[in-house]
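A.B. asks: As a plain string of letters, each chain reads:
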Amino acid sequence: MSLTFDEARHFLSRTAFGGTPEEIRRVMQLDRAAAVEQALAIPTNKAQTAPPAWIHRLPPLPRVRKHWSQAQRKTFHEGLKADGQELKAWWYRELLSSRYPLLERMTLWWHNHFTSSLHKVKWPPFLYQQNVLLRLYALGSFRTLLNAISKNPAMLLYLDTQSNRKEHPNENFSRELFELFTLGEGHYTEQDIKEAARAFTGWHLDFHTGAFRVDLRHHDDGRKVVFGKSGPFEGGDILSLTLEQPQVARYIVGKLWREFISDRPDSLEVERLADAFRKKNYEIAGLLQDLLLRPQFWAPENRGVLIKSPVELIVGTTRLFNLPLEDTLQRIAIARRLGQDLFDPPNVKGWPGGTRWITTSTLLDRTQMLHRAIRGHETGHAHGMAVMGQGPGGLWLATEPIEVVQATLLPFSPVQSLMEAEERGQAVHQLVLDPVYQLK
Amino acid sequence: MNGNGLDRRTLLKAAAALPLVLLRPQWLPELRAADTNEAGTRVGNRERMLLLIELHGGNDGLNTLIPYGEEVYYRARPQLAIPRDQVCQLTPQFGLHPALSPLIPFWESRELACLHGVGYPRPNHSHFRSIEIWETASDSEQVLDTGWLSRVFERYPLPAQFTAEGIVLGNGDSGPLNGGKTRTIALHDPGRFLQQAGSVRPASLATKNPALAHILEVRREISLAASDLQGRIRQAPLLTVDFPANKIGKQLEVAAKLIAAQAPVAVIKVTQGSFDTHAGQSATHHRLLEELAQSLTAFRTAMKQLGSWKDVLVMTYSEFGRRVGENASHGTDHGTAAPHFFMGGRVKGGFYGAPPSLRDLQDGDLKHTLDYRAVYATVIENWWGLPAVPLGTGRYPALDCLA
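These protein sequence lines map, in sequence, to chains A and B.
Numbering follows my numbering, with no gaps: position 40 of the first sequence is 40.
Numbering follows my numbering, with no gaps: position 149 of the second sequence is 1149.
To be clear, the hints were calculated from the coordinates, so they are not data collected in a lab.
Everything hinted at is true.
Covered by chain B, according to a simulated footprint, are these stretches of chain A (three or more residues, beta-carbon under 8 Å):
| # | segment |
| --- | --- |
| 1 | 301-315 |
| 2 | 345-353 |
| 3 | 358-368 |
Straight-line alpha carbon distances no greater than 27 Å define the calculated BS3-like cross-link-like pairs of lysine-lysine that follow:
| # | chain 1 | residue 1 | chain 2 | residue 2 |
| --- | --- | --- | --- | --- |
| 4 | B | Lys1250 | B | Lys1304 |
| 5 | A | Lys349 | A | Lys46 |
| 6 | B | Lys1250 | A | Lys120 |
| 7 | A | Lys280 | A | Lys151 |
| 8 | A | Lys46 | A | Lys122 |
| 9 | A | Lys255 | B | Lys1208 |
| 10 | B | Lys1348 | B | Lys1310 |
| 11 | B | Lys1310 | B | Lys1257 |
| 12 | A | Lys81 | B | Lys1250 |
| 13 | A | Lys151 | A | Lys120 |
| 14 | A | Lys349 | A | Lys120 |
| 15 | A | Lys255 | A | Lys151 |
| 16 | A | Lys280 | A | Lys229 |
| 17 | A | Lys120 | A | Lys46 |
| 18 | A | Lys151 | A | Lys166 |
| 19 | A | Lys255 | A | Lys120 |
| 20 | B | Lys1304 | B | Lys1257 |
| 21 | A | Lys122 | A | Lys81 |
| 22 | B | Lys1247 | A | Lys349 |
| 23 | A | Lys81 | A | Lys46 |
| 24 | B | Lys1250 | A | Lys74 |
| 25 | A | Lys122 | B | Lys1250 |
| 26 | A | Lys280 | A | Lys255 |
| 27 | A | Lys46 | A | Lys255 |
| 28 | A | Lys74 | A | Lys120 |
| 29 | A | Lys120 | B | Lys1247 |
| 30 | B | Lys1247 | A | Lys122 |
| 31 | A | Lys81 | B | Lys1247 |
| 32 | B | Lys1367 | A | Lys194 |
| 33 | B | Lys1181 | B | Lys1208 |
| 34 | B | Lys1247 | A | Lys74 |
| 35 | A | Lys81 | A | Lys349 |
| 36 | B | Lys1367 | B | Lys1348 |
Partial list, derived from the structure: chain B residues whose beta carbon lies under 7 Å from chain A:
| # | residue |
| --- | --- |
| 37 | Arg1129 |
| 38 | Ala1186 |
| 39 | His1188 |
| 40 | Gln1196 |
Backbone N, C-alpha and C fix where the C-beta goes; we use that ideal spot for every residue, glycine too.
Okay, chain A solo, but in the shape it has when bound (with noise of 0.2 Å):
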């Protein structure tokens, strides 16, 4: 059976950054299984835009930087500044254009799972692997993915593997590994943490060749003891002791739950998914077929029950009104006012999203931002409708009939109805700023 309007809408609210009416009736040819198999049907786990020209760059050495002047410093810092924009710039420009939104929706997701800051890492080409890394495997396997993340240069800094050695072993990758990327609070001891963290001792960056590498002189390779198992572990079998805990699947069905469908996962339909997650071997392609297959993402009840990411709303609104993508840096300066910095979550545990991206300070910003777009006054257009009829991607807001752009903006009907014979620039701007709007 083919979608009707609005379940179109919302497949693309939901795995796309929305539609517009004619993507919209595109979708609406397809059946369920069609338009889900559709969407997953994606040729490349590369980004298209291109990248920096320092991508492969290394930073200098300890013994380089300390005969550096104060000049010399003060130089570096700013193009570190200046390279991390341009990172940002560089993500904002795949999210605008992407061809496979589901893509970018899920390399962002695995960023905000498997964390790493500009911040704290402090160089740029770094947290730029980490993004190509997380792209490659969003859709792949999940057990690929936890493998290599451990070794990814950004994630070893980030989480100070670097700095874990026999003598005097660093918890923090270990803690955060149990309690956030794979098994959740409650699931673990404080004695497993401190063993695993014995089994990657000796894991580290090798700042001369950018890569991976074990130092067996700052490995521990005695005897640990991990969920109830013990053995002369290493970091790979620690990694795939945490994978026998059917935990690990429950934990992540139920993260992607939240995002997908509805922050209520339901447990019986959770602990099915996470079953066929495991036996699948932990594909991430196949786990997000079999939920957004679920009854539960495409019933009416779950419809603009979610509140939009500042990304979602800024990449979502630009692509809906063929907004310039030019001014990537106005972008990242609003998103990071609105709560989301790329490459720069608040900490480990990423942006806490959900009703947190609301708050008077943030909501005030939005309707800020939205006001802006829609007038033009950031995009160098005095008036909205300017904006509106540029381009064939944005004609469809002065063209389409009333009831349909109200359809393809909101998930449902607005808090302030429009008043009839509005003219059409108001009844947009009207429609944009209700707080219906902010929901997927």
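Start from chain A and add chain B according to the hints.
C.D. replies: Leaving out everything else, chain B in the frame of chain A:
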């Protein structure tokens, strides 16, 4: 309590009609010394402000309030221990980190209370879980979903002229003010807030959609707060104090402005961090403490100028302290108990509680000597003068550290 023939409500109505310039805090404490609710029972000193400082990330207590008289401290921290001659000595056993030297005048005028060994039984080492425990005043294994202050305000609601329970500054979240019916205003910049709030219209609509309900509620809070703050800020006295131009300095400057404007809220929360010093602790910790101490000095000066220092209680908290022994990265890992501080014009300066032993450890961590809920009880009972509110399962007697 109605000996002067005026009940609280009439008085406040009358006060609201007065020009704001008359509403100086100097005379407010006398007139507002206590409150009555509908039933006429006494419900405390509601005009008193609680200023919360979250030391985000887990502040290293041992290098904040330093047991410099203990040899064990120096043995546990060959790299990180603060040399004896650099410690700002308060007693022959304890002293402050040198970066906290701006707080010495607080100590000398007996406006700084140091609470030893604050923590809770069966400590959790996760940032997220442990701060949740602190914020909700739960036991270690108990999960509660409302903040401890939200529960206080639910039980003892603020009088009607309060537009919100709390204002959150900086990047922190509402934490102890989270959940329930608590109204929290997140404010980065009051000027910007007021300018933008003009475009928000409150809408009343019943909805079963929790996300939409949340947005509508936030809109309502914005409208109420904006219309109230507008007038107050316009008429507030100008501050003549220079605050440090860093994040905590700016937050405390806004806090001081809000207090000068008599923002009708009971709690202001600021955040300093991150104190999660796993590696290279010395420089970071020094900077964070120095910024904090300098900003607090400016704040105290501003409060004294306004005559409000007696109406503000400053309280620090953090998810945990850090491990006794340093790690190999010149840092410290997640620990347990840590000292915390009260500051203010009504604080009885000195040390409270027993310092935790550096010899009798639990898996390398300090054993707490004071339950954090006793600190909360002190705020509830001795600062606001409210009856005790149950926090967790035990009994946590308030400390006698406020005059």
